[in-house]
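Asker: Letter by letter, the chains look like this.
2 protein chains.
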Amino acid sequence: MADVGCPGFRFAGARGGIKHKAGLDVALIACDRPATAAAVFTSNRVKAAPVRLSQRTLRAAGGAGIRGVVVNSGNANACTGPRGAADARRMQAEAAAAIGCAPGEVLVASTGVIGTPLPMDRVDAGIALAGAALARGGFGRFAEAILTTDRGPKTARRTVRLGGRKVTLLGCTKGAGMIAPNMATTLTFVTTDAAIGPAALAAATRAAVGPTFNAIAVDGDTSTNDMLTVLAGGAGRKLAGKDLAGFTAALQDLLGDLARQLITDGEGVHHVVEVYVRGAASARAGQAVARRIATSPLVKTAIAGGDPNWGRILCAVGNAGVAIRPERIAVWLDEQPLCSAGARAADHDEAAAAAVMQRPSYTMTVELGQGRAEARYLACDLSHEYVTINADYRT
Amino acid sequence: MADVGCPGFRFAGARGGIKHKAGLDVALIACDRPATAAAVFTSNRVKAAPVRLSQRTLRAAGGAGIRGVVVNSGNANACTGPRGAADARRMQAEAAAAIGCAPGEVLVASTGVIGTPLPMDRVDAGIALAGAALARGGFGRFAEAILTTDRGPKTARRTVRLGGRKVTLLGCTKGAGMIAPNMATTLTFVTTDAAIGPAALAAATRAAVGPTFNAIAVDGDTSTNDMLTVLAGGAGRKLAGKDLAGFTAALQDLLGDLARQLITDGEGVHHVVEVYVRGAASARAGQAVARRIATSPLVKTAIAGGDPNWGRILCAVGNAGVAIRPERIAVWLDEQPLCSAGARAADHDEAAAAAVMQRPSYTMTVELGQGRAEARYLACDLSHEYVTINADYRT
Chain X
1 MADVGCPGFR FAGARGGIKH KAGLDVALIA CDRPATAAAV FTSNRVKAAP
51 VRLSQRTLRA AGGAGIRGVV VNSGNANACT GPRGAADARR MQAEAAAAIG
101 CAPGEVLVAS TGVIGTPLPM DRVDAGIALA GAALARGGFG RFAEAILTTD
151 RGPKTARRTV RLGGRKVTLL GCTKGAGMIA PNMATTLTFV TTDAAIGPAA
201 LAAATRAAVG PTFNAIAVDG DTSTNDMLTV LAGGAGRKLA GKDLAGFTAA
251 LQDLLGDLAR QLITDGEGVH HVVEVYVRGA ASARAGQAVA RRIATSPLVK
301 TAIAGGDPNW GRILCAVGNA GVAIRPERIA VWLDEQPLCS AGARAADHDE
351 AAAAAVMQRP SYTMTVELGQ GRAEARYLAC DLSHEYVTIN ADYRT
Chain Z
1 MADVGCPGFR FAGARGGIKH KAGLDVALIA CDRPATAAAV FTSNRVKAAP
51 VRLSQRTLRA AGGAGIRGVV VNSGNANACT GPRGAADARR MQAEAAAAIG
101 CAPGEVLVAS TGVIGTPLPM DRVDAGIALA GAALARGGFG RFAEAILTTD
151 RGPKTARRTV RLGGRKVTLL GCTKGAGMIA PNMATTLTFV TTDAAIGPAA
201 LAAATRAAVG PTFNAIAVDG DTSTNDMLTV LAGGAGRKLA GKDLAGFTAA
251 LQDLLGDLAR QLITDGEGVH HVVEVYVRGA ASARAGQAVA RRIATSPLVK
301 TAIAGGDPNW GRILCAVGNA GVAIRPERIA VWLDEQPLCS AGARAADHDE
351 AAAAAVMQRP SYTMTVELGQ GRAEARYLAC DLSHEYVTIN ADYRT
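Heads up: the protein sequence lines correspond to chains X and Z, in order. Residue 277 in our numbering sits at position 277 of the first sequence, and the numbers go up by one each step. Residue 54 in our numbering sits at position 54 of the second sequence, and the numbers go up by one each step.
The following block holds chain X by itself, in its conformation from the complex:
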């Protein structure tokens, strides 16, 4: 992936020395021409300074005219007060100088330790190095420089024919399954050479994020720094109609790939479980049930222990805040029935169900018997490593 690029963009990763451990920690994207941009930011009410700055920048720019993105890892610049806000603006200005554009044309993201001011001399040095290294083939180093406790870079690429020409989508994400201490942040960046207007790109991004990055759960916490950005730098006639639908589908496919990599690479994760809720009265109800199952500590420890303990699944369903009919619920693990009509399935085979749970990935299907809506969520196990990583991190 390292030398694979996206037409119209240059990338770089450099080391400024922000991270205590070795590795790249400053990343830069430069757009050849002003790009359309859409982004989804953390819903946490405590937002890091770069999140607030990028929100303001994108709003002021009307989702267009973006020339670049600057990212640092190793320090989240969150809960850092007025100084943090000033530091984020300084990062933006330094990156604009390196790219050769105005500060208001640059988005900013940070990830790492919360509550410690950015070491700005190191950030400045990193931005200068990254600016000098910007290259078509720099995506591999970009994807590496945004990492914190991740096992490795997570990237994906799609090409699709839209409106008679080939369009590329190139993306990367970071986040150790959203479980790492102080570094729980998910950052995702996608570039594409498609030509799309701001409203269409915003709608496509919202549509593609719902069933992908908004449907994964490790521990249910949302970080102060989460941010997902799509930059569309193509020229010419804007995508519309079925071409726009095709782009949205390709974007969803790409984000689904990245989201699954995020869960799979999560530290302490041994099993990835697709929670599939069907027969829901509404999509919203189905999502609430799927999310509750995917975030229940009792379900997640059962996944870790390989225990086909379907009572915990029903307990989570009942806690979802949704009007359900317990006597209609059925549950399967892959092909193995656990529960039928709200009670133990007649053909329940405990040993066979336990064997399914040894698989690295499997599906937990919950039929609610109320309607035709369905929802999917990716979940994982709550393991000893999770506790070790999060309890022993700074000690």
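If you're looking for bench data, these hints aren't it; they were derived computationally from the structure. A couple of the hints might just be wrong.
Pairs involving identical chains hold if they fit within one copy or between any two copies, as the list cannot separate such chains.
[To be verified] Calculated cross-link-like contacts (lysine to aspartate or glutamate; reagent style DMTMM-like; alpha-carbon spacing at most 25 Å):
(1) Lys238 - Asp253
(2) Lys19 - Asp349
(3) Lys21 - Glu350
(4) Lys238 - Asp334
(5) Lys21 - Asp121
Got chain X sorted already, so can you dock chain Z onto it with the hints?
Answerer: Leaving out everything else, chain Z in the frame of chain X:
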């Protein structure tokens, strides 16, 4: 506590053989005269058969005329379909026969494994033995017979002078910190010789449960079987005015004691943390923030690791779904300041804060700076034992 009773009540605990391991598993309360009763049931939409039966019984009785309670441990009679409903009714009838009253005058509770039908021959045998053993001094065995994975019985007693006479409140609870697999249930029973009307007892119970049993969190899950019952068996003039207020205060004190025992005795719990949120815009907002902190896996693993990682606390505050002002937030651990004005406190002393977290219990104070409302929640650590207990339970 074993030979301490409550005037007007007889108690018993017996072994019917429902539990695989040794120990008492059927418990009985008999009221000398028809008692006023109030109860709080699980909010889980998947309610066990005994919960649904007790709800119907209490409603039909208008909160009065209750003559007894029957409880079994070792099997929750939850997710057991129509057979489970019939079994709960049979338990009720057997207990009524043992006590010498009508079935509609008996409340039923169960706790233990979900999804397996009750072994009714053993339940019947246990009820018969318990009926024969009913005694003034049987409370100790009652408190023992309702346990599942608990370390030991959790009981509390209060006496208070109301309306010129001494009133006794005697209670017990079970639940291994609501964390044990398939047995996550909290059951609580209180008897008192106070004379109170149904509406007053219901109001007193609601008021006393809010800041006690509704303000503790181990993992945020609510079981299919949770139930808290207060039986008032006194004769004569009903409590009113300041006597009723005095009773409510005594009940809250008793329940607070039991709730703290529940958290402290939780398996895998090494630290009990009182989350104290103040300066909230409303009591509801304060409670939402306190609950979110107390149930955040990242905060709970930080408690386990003794890491004064205040960024995780602010992250949880921001995830509470409440409009907050991050720049006004301050955080302390006991007397140690961590965060002020949403950033690291100037007088933050990392080593001293880490030392506070070695204490078996301490207070985490969060000032929101928005108003005058406050809320308290009892939290605990998420430890390796939690994962071991819940992942390895049936394997």
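Asker: Check each numbered hint from earlier against the structure, then list the numbers of those it violates in ascending order.
Answerer: 4
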